[in-house]
Amino acid sequence: MVRLSDAAAGKLRELTEAEANPAIGLRVYVYSGGCSGYRYGMMLEDQPTPEDVTVDVSGIKVYVDGQSTQYLSGSEIDYVDTLMGAGFTVNNPNAVSGCGCGSSFRTAESAGSPGGCSH
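When you number the sequence shown by the working numbering, it's gap-free, plus one each residue, and the end is 143.
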């Protein structure tokens, strides 16, 4: 389903180590938007919803929104820290194109709802 790079797993462990809730995990989802049609969303979540696909990756819980699984299957989440900034990125084999700023993508089957670029 979804993989985490060693860098992403390490950063998520760092972000969640002080949490008392053993169910805390990374929620990953796809929503319509951006100039290519779809955008990625990520946030820490206290627990999964009944619609989520839950994956344990390197000891980190990853909650993938049930409607987003078709867009995220086979993806790897990485954490990069460069002079330009730091953050999580998604290497998605389902994305056939993306916008110039890298904040949105489209798949071969669906273009989502393209809009203006917010970057």
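Warning: the hint list may mix true and false statements.
Label-pair restraints from in silico Cβ distances [said to hold, decoys possible]: (1) Glu-100 <-> Glu-43: 32 to 38 Å; (2) Ser-97 <-> Gly-34: 36 to 42 Å; (3) Gly-109 <-> Gly-83: 25 to 31 Å; (4) Met-108 <-> Thr-78: 15 to 21 Å; (5) Glu-43 <-> Leu-107: 15 to 21 Å; (6) Leu-107 <-> Thr-78: 32 to 38 Å; (7) Glu-75 <-> Thr-106: 16 to 22 Å.
Since the hints were made in silico from the structure, they are not lab data. These numbers were taken from a predicted model, which means no experiment stands behind them. Don't be surprised by glycine CBs; every beta carbon is placed ideally from N, CA and C.
Quick rundown of the hints versus the structure:
Our hint of 32 to 38 Å for Glu-100 and Glu-43 is violated, since their Cβ atoms are close to 24 Å apart. Between Ser-97 and Gly-34 the C-beta distance comes to about 24 Å, which lies outside the given range of 36 to 42 Å. A hinted range of 25 to 31 Å holds for the C-beta pair Gly-109 and Gly-83, which are about 26 Å apart. At roughly 33 Å, the beta-carbon separation of Met-108 and Thr-78 lies outside the given 15 to 21 Å, and the hint is violated.
Restraint check, Glu-43 to Leu-107: a C-beta distance of roughly 30 Å breaks the suggested window 15 to 21 Å. The hinted range of 32 to 38 Å is satisfied by Leu-107 and Thr-78, whose Cβ atoms lie roughly 35 Å apart. A hinted range of 16 to 22 Å is violated for the C-beta pair Glu-75 and Thr-106, which are about 35 Å apart.
Checked against the numbered hints above, the structure violates hints 1, 2, 4, 5, 7; every other hint is satisfied.
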